[in-house]
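Sequence lines, in order, name chains A and B. This note's numbering numbers the first residue of the first sequence as 1 and each following residue consecutively. This note's numbering numbers the first residue of the second sequence as 1 and each following residue consecutively.
Treat the hints with care, as some may be off.
What the hints assert, rightly or not - Pairs of lysine to aspartate or glutamate residues, derived as DMTMM-like cross-links and limited to a Cα-Cα distance of at most 20 Å, are as follows:
{"#": "1", "chain 1": "A", "residue 1": "K350", "chain 2": "B", "residue 2": "E420"}
{"#": "2", "chain 1": "A", "residue 1": "K165", "chain 2": "A", "residue 2": "D210"}
{"#": "3", "chain 1": "B", "residue 1": "K392", "chain 2": "B", "residue 2": "E420"}
{"#": "4", "chain 1": "B", "residue 1": "K46", "chain 2": "A", "residue 2": "D210"}
{"#": "5", "chain 1": "B", "residue 1": "K46", "chain 2": "A", "residue 2": "E122"}
To be verified - Stretch-level coverage of chain B by chain A, calculated; a stretch enters the list once three of its residues show a Cβ under 8 Å from a Cβ in chain A:
{"#": "6", "stretch": "158-169"}
{"#": "7", "stretch": "175-182"}
{"#": "8", "stretch": "185-197"}
{"#": "9", "stretch": "203-217"}
{"#": "10", "stretch": "227-241"}
{"#": "11", "stretch": "292-302"}
To be verified - Here are some, though not all, of the chain B residues that point toward chain A, as calculated from beta-carbon distances under 7 Å:
{"#": "12", "residue": "L28"}
{"#": "13", "residue": "Y42"}
{"#": "14", "residue": "S108"}
{"#": "15", "residue": "Y136"}
{"#": "16", "residue": "K370"}
{"#": "17", "residue": "N372"}
{"#": "18", "residue": "F374"}
{"#": "19", "residue": "I376"}
{"#": "20", "residue": "Y416"}
{"#": "21", "residue": "L419"}
The set of hints was computed from the structure by calculation and includes no laboratory data. Cβ coordinates follow ideal geometry from the N, Cα and C atoms, glycine included.
The lines below spell out each chain.
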Amino acid sequence: MHKEDQPLIFELSTPGRVGHSLPEMDVPEVNLSELLPEGFLREEEPELPEASELDIMRHYTALSKRNHGVDSGFYPLGSCTMKYNPKMNENVARFNGFAHLHPLQDESSVQGALELLYDLQEHLIEITGMDEVTLQPAAGAHGEWTGLMMIRAYHEANGDDKRTKVIVPDSAHGTNPASATVAGFETITVKSDENGLVDLEDLRKVVGEDTAALMLTNPNTLGLFEENILEMAEIVHSAGGKLYYDGANLNAVMSKARPGDMGFDVVHLNLHKTFTGPHGGGGPGSGPVGVKADLIPFLPKPIVTKQDGVYKFDYDRPQSIGRVKPFYGNFGINVRAYTYIRTMGPDGLKAVTEYAVLNANYMMRRLAEHYDLPFNRHCKHEFVLSGKRQKKLGVRTLDIAKRLLDFGYHPPTIYFPLNVEEAIMIEPTETESKETLDAFIDAMIQIAKEAEENPEIVQEAPHSTVVGRLDETTAARKPILRYQKAE
Amino acid sequence: MKHRYLPLTESDKNAMLESIGVSSIDELFSDIPEKVRFAGEYNIKKAKPETALMKELAQMAAKNADLKMYSSFIGAGVYDHYIPVIVDHVLSRSEFYTAYTPYQPEISQGELQAIFEFQTMICELTGMEVANSSMYDGGTALAEAAMLSAGHTKRKKVLISSAVHPEYKDVVKTYAKGQYIDVVEVPHKDGVTDLDALKDMASEEVAAVIVQYPNFFGRIESMKEIEEITHNNKSLFVVSSNPLALGALTPPGKFGADIVAGDAQPFGIPTAFGGPHCGYFSVTGKLMRKVPGRLVGQTKDDQGRRGFVLTLQAREQHIRRDKATSNICSNQALNALAASVAMTAIGKKGVREMALANIQKAHYAKKTFKENGFEIAFDGHSFNEFVVRLNKPVKEVNQQLLNKGIIGGYDLGRDYPGLENHMLVAVTELRTKEEIDTFVKEMGDINA
Chain A
1 MHKEDQPLIF ELSTPGRVGH SLPEMDVPEV NLSELLPEGF LREEEPELPE
51 ASELDIMRHY TALSKRNHGV DSGFYPLGSC TMKYNPKMNE NVARFNGFAH
101 LHPLQDESSV QGALELLYDL QEHLIEITGM DEVTLQPAAG AHGEWTGLMM
151 IRAYHEANGD DKRTKVIVPD SAHGTNPASA TVAGFETITV KSDENGLVDL
201 EDLRKVVGED TAALMLTNPN TLGLFEENIL EMAEIVHSAG GKLYYDGANL
251 NAVMSKARPG DMGFDVVHLN LHKTFTGPHG GGGPGSGPVG VKADLIPFLP
301 KPIVTKQDGV YKFDYDRPQS IGRVKPFYGN FGINVRAYTY IRTMGPDGLK
351 AVTEYAVLNA NYMMRRLAEH YDLPFNRHCK HEFVLSGKRQ KKLGVRTLDI
401 AKRLLDFGYH PPTIYFPLNV EEAIMIEPTE TESKETLDAF IDAMIQIAKE
451 AEENPEIVQE APHSTVVGRL DETTAARKPI LRYQKAE
Chain B
1 MKHRYLPLTE SDKNAMLESI GVSSIDELFS DIPEKVRFAG EYNIKKAKPE
51 TALMKELAQM AAKNADLKMY SSFIGAGVYD HYIPVIVDHV LSRSEFYTAY
101 TPYQPEISQG ELQAIFEFQT MICELTGMEV ANSSMYDGGT ALAEAAMLSA
151 GHTKRKKVLI SSAVHPEYKD VVKTYAKGQY IDVVEVPHKD GVTDLDALKD
201 MASEEVAAVI VQYPNFFGRI ESMKEIEEIT HNNKSLFVVS SNPLALGALT
251 PPGKFGADIV AGDAQPFGIP TAFGGPHCGY FSVTGKLMRK VPGRLVGQTK
301 DDQGRRGFVL TLQAREQHIR RDKATSNICS NQALNALAAS VAMTAIGKKG
351 VREMALANIQ KAHYAKKTFK ENGFEIAFDG HSFNEFVVRL NKPVKEVNQQ
401 LLNKGIIGGY DLGRDYPGLE NHMLVAVTEL RTKEEIDTFV KEMGDINA
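Bound-form chain A, shown alone (with noise of 0.2 Å):
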């Protein structure tokens, strides 16, 4: 990596100098006074940088190589699917009948655009198990907040309006129990037993008149499949509640078991996860929901309809929660996920989970021998080791992730999910060879026996990257959260 430290934008702008090429003003220009109503003139101009084109490229060409993604090297961060991001995804999102069309220009005239839109969710309905889809959220929490926000609608609908609680595992994602509160829910617990799967018996405890939905991800973050799936969908529906599919683990079954027959009501997914819309260092992302024929009048308007050869939107819907998004969603996002899909076609989907599934089990055996490996059965996509063992030395999982850094990796999801002591979640994906995976197992491999021998090698990592280890602490203390030019 770049290890010269890289100045701010503002401290490279040089007064006069431009990086643009505006278009020309070839109309009658009027006096200001007579175009902006007294004190709307800005006085103050804004301190936005001064640079030339090569300035700017070597800027941010400089930046780029002080950070590591995808295409930089193995990124087995468990919970994200950080597999690779086809190239032609990027070349298609960015054809001009795409990339500049209004959301607002006549349907007439984006006909190819809404039938991409269409056909997307007639192939996420075909592998969601669901009956319908709409593509209008943003990303996966996105997804969640819609979705519970049509589980009240529904359960309001029916006059059931007791319904305040929403269950998720302690094993859950953050973004399950805060989207839950963001949807006007109240939030329930239930544990997971031995075997890392929820606990069914405090499941049974907890399902009541009040329970609006279960929110679940299967495979878990464990990366176990929760076999009694059946069973707990039993438990909910029973009760009168809706169940919730959080679609970020898919990857691990596609093709093997789909959410519809699962039981499942409610599903988003992430397309920038499963689908390979790229994660952008944080977004965009992509959270289509689907789900089940009861629950389809409640779907945020518009939907992509198509009649007679014709697509078109349909706000006709008097049910719907309303709008969740200005316009129709993430359509660059969509656009990539779309070409993925007919990139692979249902063979290559299923190749994708079998392979995901088989590197990820490949990891966790060899790995088994040198970590504490909490649940002893088959994983699905991702497994979750712990570090414990290693803390007992002295050196604990936040040392172990900043230790790869050294050997060119992006480390996994450490600390999560919470019910695993020290977790170490690593999720491989399917587009990494054979040689990738082994060079990765055997640096942590060698961590572990540093770990043993050399401990401050491990604790005072990482060696080799452009910072060391940052002061988080003073940086929440004494928040700097924007450039001032001295004064």
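Fit chain B to the known structure of chain A by using the hints.
For chain B alone, coordinates are given in the frame of chain A:
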């Protein structure tokens, strides 16, 4: 199966299965109960090779009338602006676009620094003290502003001007329902927020007054008067702003706004059929710890070198879980990068020049419409949009304009009863005098 995205060979698979101690991949799925197991393959379209699929998708794209081939006069929250070519070259650096959220700061300094710069640029334009790393879009950013206001003031009602983007209003209402917040619309009068009505409706029960500046009709609101009415009741003053307009207009921060949220799409982000765009969210220093989403902060490493980290994370869902006030996790980081590159390229002087070009060109178009006998509704000071009254339904006019290679403006009748046959026209710096003249002429022919 052989596929360019799947590297495992038959011999790899066999070696791995042996190492695991199973005889087939199927065995790894034996924990999925028979009853829920999916047999066979999905009933979806068969895979296509790269070139054939590329062709099919190119043909699908070609069925659409895009803004690069057509002359566009539609805005309504999404605009066809100058995108410096360099923006896409920076975005194509895959160290940026294939990275996850920068939770490991030592190998994410590039992304973190770029976002720190973005936060600074948004603060500069809005005149606010703190900006976050991005939201999904302008609409959900505004909804988060309404929720923040309700939480902060412990009041359960927000007032929103009817001259706010109708789809943003819809999104605010959906979110508000989740939080049991009452959303009441303040009517507009001649295209700007009705101050008398606002005075009547303002009270100490109101968490926030939300206006758009410039508003949905392109008009410039009476910011000073609205601020006074709002703060007299200790409500928060929430402003949704097009950040490009703020290159020329006095920023909302100067008018005492508490929260300024909006969409940075005008800076370097293609219209993309409505998304992904880039919500931004900025506040006064006092509200810093209530901001939704990710914040990047400056700090030092163990050797005293400057570095950047995600900070104040105790606000966020992955720490606070059900106590979090927002559930946002993924945001629009890559588009924030696009906006940063565009704001940098356009620069300190260019942003004013570009904003003024919008005002001048829209003014010229408005004047030309008037000279050709059109009536301008809600005529007054405006940014790059204005309203033209037609004799015919806007949809009909737009369909005829398409035949002339023009994408006409927005049909206000869709959202505002009484504004049927009213077209919201947007004129950005990209429209030439010739395009404007042709547009007015064609409109005249169609409207006759």
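Do the hints match the structure? See the list:
A hinted pair counts as satisfied when its Cα atoms are at most 20 Å apart, and K350(A) with E420(B) does not qualify at roughly 51 Å. Straight-line distance between C-alpha atoms of K165(A) and D210(A) comes to about 6 Å, which keeps the hinted pair within the 20 Å bound. A C-alpha spacing of about 9 Å is found between K392(B) and E420(B), which places the hinted pair at or below 20 Å, so the restraint holds. Only pairs whose Cα atoms come within 20 Å are accepted, and K46(B) paired with D210(A) is rejected, the gap being roughly 45 Å.
Note on K46(B) and E122(A): the hinted pairing holds, with a Cα-Cα distance of about 14 Å set against a maximum of 20 Å. Three residues within the 8 Å Cβ limit are the bar, and the stretch 158-169 of chain B against chain A gives 3, so the coverage statement holds. A count of 5 residues in the stretch 175-182 of chain B with a Cβ less than 8 Å from any Cβ of chain A is obtained; the coverage claim is therefore met, three being the minimum. Beta-carbon proximity to chain A at under 8 Å applies to 0 residues in the stretch 185-197 of chain B; the threshold of 3 is not reached and the given coverage is violated.
Look at the stretch 203-217 of chain B against chain A: 0 of its residues bring a Cβ nearer than 8 Å to a Cβ of that chain, fewer than three, so the hint is violated. Note: the stretch 227-241 of chain B has 0 residues with beta-carbon separation from chain A under 8 Å; the three-residue rule is not met and the coverage is violated. Only when three residues or more bring their CB closer than 8 Å to a CB of chain A does the claim for the stretch 292-302 of chain B stand; here the count is 9, and the claim holds. This hint holds: L28(B) has a C-beta 5 Å from the nearest C-beta of chain A, less than the 7 Å allowed.
At about 4 Å, the closest approach between the beta carbon of Y42(B) and any beta carbon in chain A falls short of 7 Å, and the interface hint on this residue holds. For the restraint placing S108(B) at the interface with chain A, the shortest Cβ-Cβ distance is roughly 6 Å, inside the 7 Å limit, so the hint holds. For Y136(B), the shortest C-beta to C-beta distance to chain A is roughly 4 Å, which falls under 7 Å, so the interface hint holds. At its closest, the beta carbon of K370(B) sits 13 Å from a beta carbon of chain A; the interface hint therefore is violated under the 7 Å criterion.
The criterion of a C-beta within 7 Å of any C-beta in chain A is not met by N372(B), whose closest approach is roughly 15 Å, and the hint is violated. Given the 7 Å rule on beta carbons, the hint for F374(B) is violated: about 17 Å separates it from the nearest Cβ of chain A. Contact between I376(B) and chain A, as hinted, is not supported at the beta carbon level, the nearest pair being about 14 Å apart and thus beyond 7 Å. At a threshold of 7 Å, the smallest CB-CB gap from Y416(B) to chain A is about 14 Å, leaving the interface hint violated.
Proximity of L419(B) to chain A is violated relative to the hint, the smallest CB-CB distance being about 15 Å (cut-off 7 Å).
Consistency with the previously given hints fails for numbers 1, 4, 8, 9, 10, 16, 17, 18, 19, 20 and 21, ordered from lowest to highest.
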